[in-house]
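Chemist: What follows is the residue order along each chain.
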Amino acid sequence: MSAVLEIKDVSVTLKRGGKSVTILDQFNLSIAPGEMMGLVGESGSGKTIAALAIMRLLPPGAQIQGQILLNGEDLAKADEARMRAVRGKGVGMVFQNPLAALNPSRTVAAQIGEAWRVHQGGGKAQARAKALELLGEVGIPNPDTRLDDYPHQFSGGMRQRVMIAMALACSPKLLIADEPTTGLDPLIARQIMELIARLRRERDMAVLFVTHDLSVVQEHAESIHVLYAGRSVEWGGANAFFAHPRHPYSEALLGSVARLGQARLQNIPGNLPEPESRPAGCRFAPRCAYAQEACSSAYPPAHGHGGTQAACLYPLPLSGKLVYAEPLAPKPTRRFLPLLDVQNLTVRYPGAGGWFGGATKLPPSLNDITLTLGRGECLGVVGESGSGKSTFGRAVLQMIGYEGHVLLDGQDFHATAGQAKRDLRRKIQVVFQDPRESMNPRMTIGEVIAEPIRLKGRVSGAYVRARVQELLGQVGLNPEMAARYPGGVSGGQAQRIAIARALAAEPELIVLDEPTSALDVSTQAMLLNLLKDLAFRNAFSYILISHDFAVVSYMADRIAVLNAGRIVELNETAALISSPQHAYTAALIAAAPQLQPHLGQTQSA
Amino acid sequence: MSEALAMSPTRSLGQRLSGNYTLTFGLVLGALILVSGFVAPFIYPVDPFTIHPAHALEAPSAAFPFGTDELGRDALALLLSGGYATLVVALPAAVLAFVIGIAYGFISGLGPAWLDKLLMRLLDVFLALPSLIVLLFFAALVPQSNINLILLLGLISWPSLARLVRNEVLAQRGRDFMLAAQQSGASRAYLARVHLIRVIAPILVVNGTFMIGDSILTVSALSFLGLGVQPPQESWGSLLESALDIAALDPWWLILPPGLLVFGSLLAASLTGQGLLRLWGNGR
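Taken in sequence, the protein lines are chains A and B.
Take the first sequence: its position 95, counted from the start at 1, is 95 in our numbering, and no numbers get skipped.
Take the second sequence: its position 56, counted from the start at 1, is 56 in our numbering, and no numbers get skipped.
Heads up, some of the hints might be wrong.
Claimed, not checked - Calculated lysine-lysine pairs in the DSBU-like style (CA-CA distance at most 35 Å, straight line):
(1) Lys427(A) x Lys117(B)
(2) Lys117(B) x Lys421(A)
(3) Lys456(A) x Lys117(B)
Read the hints as simulated data drawn from the structure, not as lab findings.
Produce the entire structure from the sequences given, and follow the hints as far as they go.
Modeler: Rendered as structure tokens:
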């Protein structure tokens, strides 16, 4: 079998602060024509560097060792002129953020046509015809009317389709897709994945699919390759992998993916090691539940007894029970005392308008929302972007103006003012999506957490310090971290700090606005478990805003589904998932990426 | 974790400067110019106003290291006292403009929308006027003194900084950490004092250095036109002007040094600013 792409013993080193750091180590991979392979790993695993190495698009100062054979030609030794010919023609690439990858000042026809003409020659009319054909092929409605549109005139999903059309312009035999659906709404993401799967079948094109999302791999890929800390840990057939993961890391990773109605997510203790301080021997050993002494002596050789190869001395038995196959336990219905009362909440953003003449009228972002939230309850709010779910959170937080009433403990925000309002507002805290954005980069972590305490009233410095230490301990961080700056901590740690800051204000309600969607799955699992434990201990309430149905269902007692500013459905979590009453809810649930615990039901559709 | 250490702000000044030649050169040049203006008159204690008629317009020699002017005054002593006269006006004027610009920018950026609109339209009016011409107009109007000159310069050179600060405040005030602080009960004054100043500080410092350079240039230009530092005191601008009056005699030792010092001040300010920008990344 001749592979389209064969990577042999590739190592990539980057320059970091004057030192050479090996990011990817002894990487081997082979893709057959028409095969779809998922390259999976968490951030820092080296998966993106691997994809960039194939295209030779590494940052300056990077060194590649080993062989990257594309149809037998070694790309690791090709010169830049040759690489320009390969990119686009031999290998197409689709990036995560299509808006950044497309030229905003040129029409899509010009950009797709250019991708074709650079390699095939041909006239402008031909290029335009080709662009029209490709836009039709990637499923852009009425492509003939959209040829002369600019990238910003397309929605996120349509833009990604344009990107794919560009990548396909010269009919490459291999497509590298680097997180092509990250940042898209679930419904749109699903369509893009189906498009890539269809194009692969029609064109018999190999696809190397770089992702952190295991459920997408399970649904679409034939083979899988899992990286951890720059080394391959397990690779082989996707069905065999999902049925019987052999490497402990694979098992742990699968166990930390949130699924609808799951009882408890699995935690992977510890953190991913920095490239400079990777342990000798198996890199997962310090975090591995099955690790023995021999694991830390040398990197283990691959074992290939099942359908996959696992680089582990003690691979899991083939007869093992699937960690993610535990039965879905319906949550017991709880009763709550009322805490938050939202009455006829409506938010209108002003349209564009000048000094003179009225502002343009926009439809309200949030339309007549009425609901109550209990003390200790977690309310999930789901919807696509633009549904108004973040607006709802911001209105409850009093960050934006609104019509209607929001009452906390029976006190109406509109009826209070000044210090009383500030004190009432402090009882509702917030955790944002991007933990780095939510902290002043020039404040120490201690100052960040101390801020709500100091703002609350005059307290001694010693008290503040003691409280900060206590809060850091509560969120599972080392109290010595207080002296450091947020720039030097990982995303998961930063989000814990943001939670500690919210706790510092002694809130009754915390609004979690996509708190885990910027994080890796294992980090996400740890944070969700932490939030659950904190709510259990402190009896405060959450409003959890997310586009991820699985995450919301894991946390929430009740779920509100928002569409176009209105609640289309609000029900107990178990009831909402098992029997959605509204068609939109059903569509969202169907689009939620899901690991399927039952082997054999997966098809590469 | 070594990455975290590398980013920590606890590295010594030497470590921060190493490799940043732009900043090192800018700082050294700036220090030399400051020393020449404020300290050198004590090291080279020659009265710049003593006239040596027998030695008028002499090229540099052992007795007069930088030569003499057409009245027979020591050119080096003139240059040093001219530097003092220039800096003693330019530096306070830059500080005044700096303070006004920051205050205006913060009020406009943090205040209610109507106030922001009003202050920005006012700023447009200021920016629309050609500042040198306005400056000349008022400089001719008010009595000549250093204080008046400082006030005039300071009151005229702040608008561009004010706009920059206001835009930066607007960009920063919607960031999540500002919202989180407000959620905990932070007032606008607290946001400005604790959060904004810290995140904008690099931009302020960098633009402050640029403003010093601009201020030196403006004082020199005014003096060159006869409206700046007044006789008998000389400044770089007036020295250049009187040297150019007798340019036909080619007194290069009178023309080059004041010109080079003005140029050097601008260069020092610009390099320091650019070096700081590089030190702090893109300023965030």
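Chemist: Against this structure, judge whether each hint is valid.
Modeler: Here's how the hints hold up against the structure:
1. Straight-line distance between C-alpha atoms of Lys427(A) and Lys117(B) comes to about 34 Å, which keeps the hinted pair within the 35 Å bound.
2. For the hint pairing Lys117(B) with Lys421(A), the CA-to-CA distance comes to about 28 Å; that is within 35 Å, so the pair holds.
3. With a C-alpha separation of about 33 Å, the suggested pair Lys456(A) and Lys117(B) falls inside the 35 Å cut-off, and the hint holds.
In this structure, every one of the numbered hints holds.
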